[in-house]
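We have chain C already, so just place chains Y and L on it with the hints.
Just so you know, the protein sequences line up as chains C, Y and L, in that order.
Residues 12 to 306 in our numbering are what the first sequence lists, from first letter to last.
Residues 37 to 438 in our numbering are what the second sequence lists, from first letter to last.
Residues 17 to 342 in our numbering are what the third sequence lists, from first letter to last.
Hints in this document: simulated from the structure, not taken from any laboratory.
Note that the structure is predicted; figures quoted are calculated from it, not measured.
Check the hints yourself; a few may be wrong.
[Said to hold, decoys possible] Some chain Y residues near chain C, calculated using beta-carbon distances under 8 angstroms:
(1) Gly-72
(2) Val-232
(3) Ser-233
(4) Asp-240
(5) Ser-243
(6) Asn-267
(7) Gln-271
(8) Gly-298
Quick reminder that beta carbons are idealized off the backbone N, C-alpha and C, glycines included.
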Amino acid sequence: MFEIFGIPSQALFGQLLLGLINGSFYALLSLGLAVIFGMLNIINFTHGAQYMMGAFAAYMLLQYFGLNYWVALVVVPIVIGFVGILIERLLLKRIQNLDHLYGLILTFGLALILEGLFRNYYGSSGQPYQMPDELRGGRNLGFMFLPNYRAWVIAFSLVVCFGTWFAIERTRLGSYLRAATENPTLVRAFGINVPRMVTLTYGFGVGLAALAGVMAAPIYNVSPQMGSDIIIVVFAVVVIGGMGSIMGAILTGFTLGIVEGLTKVFFPEASNTVIFAIMILVLLVRPAGLFGRGA
Amino acid sequence: MKRTNLWLIAAAMLTGTAAHAEDLAVKIGVMSDMSGLYSDLGGPGSVAAAKLAVEDFNPAAHGLKVEIVTGDMQNKPDVGSNLARQWFDVDHVDMIVDVPNSGVALAVNEVAREKNKVFLVSGAASSDLTGPKCSPNTIHWTYDTWMLANGTGKALVKTGGDTWFFMTADYAFGHALERDTTAVVIANGGKVLGSVSIPLNNADFSSFLLQAQSSKANIIGLANAGGDTINSIKQGAEFGITAGGQKFAGLLVFITDVNSLGLKTAQGLVLTETFYWDMNDGTRAWTKRWQAQMPGKFPSMVQAGVYSAVTHYLKAVAALKSAADGKTVVAKMKAMPTDDPLFGKGTIRADGRKIHPAYLFEVKKPEESKYPGDDYKLRATIPADEAFRPIKDDNCPLVSSN
Amino acid sequence: MASAAETSSKTSAFPIGRETPRSLAVAAAVLVAFLIAAPYVLYPVFLMKALCFALFACAFNLLLGYVGLLSFGHALYFGWAGYVAAYAAKSWGLSPELAILTGTATAAGLGIIAGVVAIRRQGIYFAMITLALAQMMYLVALRVKFTGGEDGIQAVPRGRLFGLVDLNNEMNMYVFVLIVVLAALFLIYRIIDSPFGEVLRAIRENELRTISLGYNTDRYKLTAFILSATLAGLAGATKALVFQLASLTDVHWTMSGEVVLMTLVGGLGTVFGPIVGAFLIVAMENYLAPFGQWVLVIQGAIFVVCVLVFRRGIVGELAHRLKVRL
Numbered sequence: 012m013f014e015i016f017g018i019p020s021q022a023l024f025g026q027l028l029l030g031l032i033n034g035s036f037y038a039l040l041s042l043g044l045a046v047i048f049g050m051l052n053i054i055n056f057t058h059g060a061q062y063m064m065g066a067f068a069a070y071m072l073l074q075y076f077g078l079n080y081w082v083a084l085v086v087v088p089i090v091i092g093f094v095g096i097l098i099e100r101l102l103l104k105r106i107q108n109l110d111h112l113y114g115l116i117l118t119f120g121l122a123l124i125l126e127g128l129f130r131n132y133y134g135s136s137g138q139p140y141q142m143p144d145e146l147r148g149g150r151n152l153g154f155m156f157l158p159n160y161r162a163w164v165i166a167f168s169l170v171v172c173f174g175t176w177f178a179i180e181r182t183r184l185g186s187y188l189r190a191a192t193e194n195p196t197l198v199r200a201f202g203i204n205v206p207r208m209v210t211l212t213y214g215f216g217v218g219l220a221a222l223a224g225v226m227a228a229p230i231y232n233v234s235p236q237m238g239s240d241i242i243i244v245v246f247a248v249v250v251i252g253g254m255g256s257i258m259g260a261i262l263t264g265f266t267l268g269i270v271e272g273l274t275k276v277f278f279p280e281a282s283n284t285v286i287f288a289i290m291i292l293v294l295l296v297r298p299a300g301l302f303g304r305g306a
Numbered sequence: 037m038k039r040t041n042l043w044l045i046a047a048a049m050l051t052g053t054a055a056h057a058e059d060l061a062v063k064i065g066v067m068s069d070m071s072g073l074y075s076d077l078g079g080p081g082s083v084a085a086a087k088l089a090v091e092d093f094n095p096a097a098h099g100l101k102v103e104i105v106t107g108d109m110q111n112k113p114d115v116g117s118n119l120a121r122q123w124f125d126v127d128h129v130d131m132i133v134d135v136p137n138s139g140v141a142l143a144v145n146e147v148a149r150e151k152n153k154v155f156l157v158s159g160a161a162s163s164d165l166t167g168p169k170c171s172p173n174t175i176h177w178t179y180d181t182w183m184l185a186n187g188t189g190k191a192l193v194k195t196g197g198d199t200w201f202f203m204t205a206d207y208a209f210g211h212a213l214e215r216d217t218t219a220v221v222i223a224n225g226g227k228v229l230g231s232v233s234i235p236l237n238n239a240d241f242s243s244f245l246l247q248a249q250s251s252k253a254n255i256i257g258l259a260n261a262g263g264d265t266i267n268s269i270k271q272g273a274e275f276g277i278t279a280g281g282q283k284f285a286g287l288l289v290f291i292t293d294v295n296s297l298g299l300k301t302a303q304g305l306v307l308t309e310t311f312y313w314d315m316n317d318g319t320r321a322w323t324k325r326w327q328a329q330m331p332g333k334f335p336s337m338v339q340a341g342v343y344s345a346v347t348h349y350l351k352a353v354a355a356l357k358s359a360a361d362g363k364t365v366v367a368k369m370k371a372m373p374t375d376d377p378l379f380g381k382g383t384i385r386a387d388g389r390k391i392h393p394a395y396l397f398e399v400k401k402p403e404e405s406k407y408p409g410d411d412y413k414l415r416a417t418i419p420a421d422e423a424f425r426p427i428k429d430d431n432c433p434l435v436s437s438n
Numbered sequence: 017m018a019s020a021a022e023t024s025s026k027t028s029a030f031p032i033g034r035e036t037p038r039s040l041a042v043a044a045a046v047l048v049a050f051l052i053a054a055p056y057v058l059y060p061v062f063l064m065k066a067l068c069f070a071l072f073a074c075a076f077n078l079l080l081g082y083v084g085l086l087s088f089g090h091a092l093y094f095g096w097a098g099y100v101a102a103y104a105a106k107s108w109g110l111s112p113e114l115a116i117l118t119g120t121a122t123a124a125g126l127g128i129i130a131g132v133v134a135i136r137r138q139g140i141y142f143a144m145i146t147l148a149l150a151q152m153m154y155l156v157a158l159r160v161k162f163t164g165g166e167d168g169i170q171a172v173p174r175g176r177l178f179g180l181v182d183l184n185n186e187m188n189m190y191v192f193v194l195i196v197v198l199a200a201l202f203l204i205y206r207i208i209d210s211p212f213g214e215v216l217r218a219i220r221e222n223e224l225r226t227i228s229l230g231y232n233t234d235r236y237k238l239t240a241f242i243l244s245a246t247l248a249g250l251a252g253a254t255k256a257l258v259f260q261l262a263s264l265t266d267v268h269w270t271m272s273g274e275v276v277l278m279t280l281v282g283g284l285g286t287v288f289g290p291i292v293g294a295f296l297i298v299a300m301e302n303y304l305a306p307f308g309q310w311v312l313v314i315q316g317a318i319f320v321v322c323v324l325v326f327r328r329g330i331v332g333e334l335a336h337r338l339k340v341r342l
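Isolated chain C (complex conformation):
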């Protein structure tokens, strides 16, 4: 096969595909953050911990109730989403009139509590989660061996991301949401229950994080730190994309996953810092982010 920059094209395409997989997680998580930020103007620092809880919930369902991956995929986002609703009702509502930085601090505190509790109970080394049998094995694509599970991750994330985008940009409910973001008082005057929409939106965003967690469980280490490790990278992704649009968050997530994947091939030592470096560059050139509107 031909070579690109000294790397056989087979390996390159293989790495691109793998980058797409990482990108799926970035996309799902930054989508959740963007949705929450859009409605509540809060940066949900707890997002990482909620992702972690999703993975742990899947583990617990399997360990204690014997419920498999497919059940977890449906049940966990709903359960953790509900936890999110509780958090919003009990805590976030109280500070909604304060400076938004308090929201960041509060959710940061929550993230610490959750990570600490799980670490106390489960230790740091991580729990095993078996891959669902239906998705084991893989197929040889000629240029690489693609495990079925990873193919599933890409496909399912695309479906979820596109579905969310469609719901927000093209449905009536989505239009209420977008209107409420711009002018909540006016929308309320129309008789729409804005506080409930806010609560449900937060729950939905949290559910997305939990879904990403369930999908991560079979391939990444299910450990209490998994949330904090990934959330800071997702923040960088979000700053690069700008919080302006849903599509922006999705595209940026996938693209940066691919960029990171390529870095792993050409310059592996920098692969965990490349996204931050890009963030700095984007900030110097386009402070609002690639898809953002205004500072």
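Coordinates of chains Y and L only, in the frame set by chain C:
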């Protein structure tokens, strides 16, 4: 306990009786990772081992009174060094044992040297502890990176694993492991086909596994530790690495990691350790007693090392009738040969290195395992005089250069 | 932060006059007296640690309490100044005061670079950017040789101050740290209570209006940022010499979170709040060290409680009730 001692001392002073009338108080600090990555490797199991050692030694019969304190160094050098300082300065601890983290061990090594106390390292791997950083107050027990590289590397090359590809954690420790193992592989006629440096605590190894696969090396050396090793092996199974004929060599793998992975994923993994609970009757009997405190678990070599170290320390202190001067106690420990049911007979060298045989193990297939904990089959025994780095290669300032 | 502003403006509007309010003078006297007597009662190493963190928190408060910018990556300056100071003392053999100055200068440099990048955005974005920058530098510290990675830089010599005073003597070291920290705290106070400080407060209250009055707010914000970073670096460099160790803990995001905690608990926008907060949190961690991971949970809980019901912090609450300025 402290108060009783004070009264005893006061009484002794008042009545003018000689000091030997009351027991010599010795305080041992088990500093380990109680809740983090290495809590299974050391942690509460190390404390249990230390307690067994004290119990078996029977301090009262030797005129000693031993107290054990425990602490969590959380795998951070600053926490460990603070704790060591506080223990030595304020709490009158005489000896610190365990510390399953090289960075922390190096820091505590300095504190022990400064305060002239004793430090027995069971958990940490860095061979610098008997090399440039060697100290008259420290003894490096159980294992080190040189032994691991030599044991696993040499034995594998000799049995057909002659082409290697390294997946290295991109930090000092990972590079040290890779460097030491590369030297051994080449010295024994093998070839290193390539390597890749992976950021520490990376979650996704798929891209690097792909590179390892395309190198077609028959051994993939994992120069990493803890969660990184577990992830590499787990994801390796996903990508069919072992099915494709390549073997993983875990350069720093413990029985606790194998249990974490499960035999299905870890089968065929080759590793070197100095203790296995199922080795002989002595180890089995001790394991049974240890399990009374730690039900459902199996002891690692680190925990066994704590038992061995504490036992030998108490013997030395009893012989000297004093625990006050760290250097003197360590010198005594080096002068006395060691003997315990876990490591057998051994010695301690001038550079602070404890010498005992090492064993190359291979992880059994699930169908080969007959009972819980039956994880290893013995592939080779490395005699004690070959297992560790020769003293002349140490660069240890304590040993006068010849 | 809106509510911090409204609280402090209720307690005697910051006087434009040059004389120090009596409450501040009294509090300062109490603090100094305590710090002079303390090493005879408490473990000096603990006190030195608390002092370094007090400076770190006050430097952080300069940015958050007075300009209203939440930097979530302040550990960057604290930790890297520590690394450079440790390296300077160990490998270059610099005397302690030069090593600390080198470390502080590094923090200033990093502050300039980070400030230029981050100041472009406000509020939440600013926080996320500072966090991301700090995380990037953490990952760099993990693999770069001179930081010693996971081991950190160990066995850092304390040396002789000005070639004369042996800092290995704990009391000497304590006095040195005390003087450095008190001087820096005084400097921060002078910054707050100056025309420059007035403009900073104006920016926090209403940036647009301040711009309309003709002030180049970006320049003021950047200057405050650099000052804050430099003083945080001073704290970090000093701490590295106290513990003779510079490690990854000091550049990790949890360290950034801790300084936010100290400032919040002590009292945002007060002069003595961060000092009290620092002492409290350091003491708490000392006590809770045997309980390992509960520390994380408790810190998180304190964050949540403070944001919900205790936004003024300890000193802020005290100042509010006594209706004085603290």
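Evaluation of the provided hints:
1. The beta carbon of Y/Gly-72 is positioned within 8 angstroms of a beta carbon in chain C (closest approach about 4 angstroms), and the interface hint is therefore held.
2. Annotation: Y/Val-232 was flagged as interfacial toward chain C, and the flag holds, the nearest CB pair being 6 angstroms apart, inside 8 angstroms.
3. Checking Y/Ser-233 against chain C: minimum C-beta separation of about 5 angstroms stays under 8 angstroms; hint holds.
4. Residue-level restraint check for Y/Asp-240 holds (minimum Cβ-Cβ distance to chain C is 6 angstroms; threshold 8 angstroms).
5. Using the Cβ-Cβ criterion of 8 angstroms, the hint placing Y/Ser-243 at the interface with chain C is satisfied: the shortest such distance is roughly 4 angstroms.
6. A least Cβ separation of about 5 angstroms between Y/Asn-267 and chain C falls short of the 8 angstroms threshold, and the interface hint therefore holds.
7. Taking 8 angstroms as the C-beta contact cut-off toward chain C, the hint placing Y/Gln-271 at the interface holds, the least distance being around 7 angstroms.
8. Because the beta carbon of Y/Gly-298 sits about 6 angstroms from the nearest beta carbon in chain C, less than 8 angstroms, this interface hint is met.
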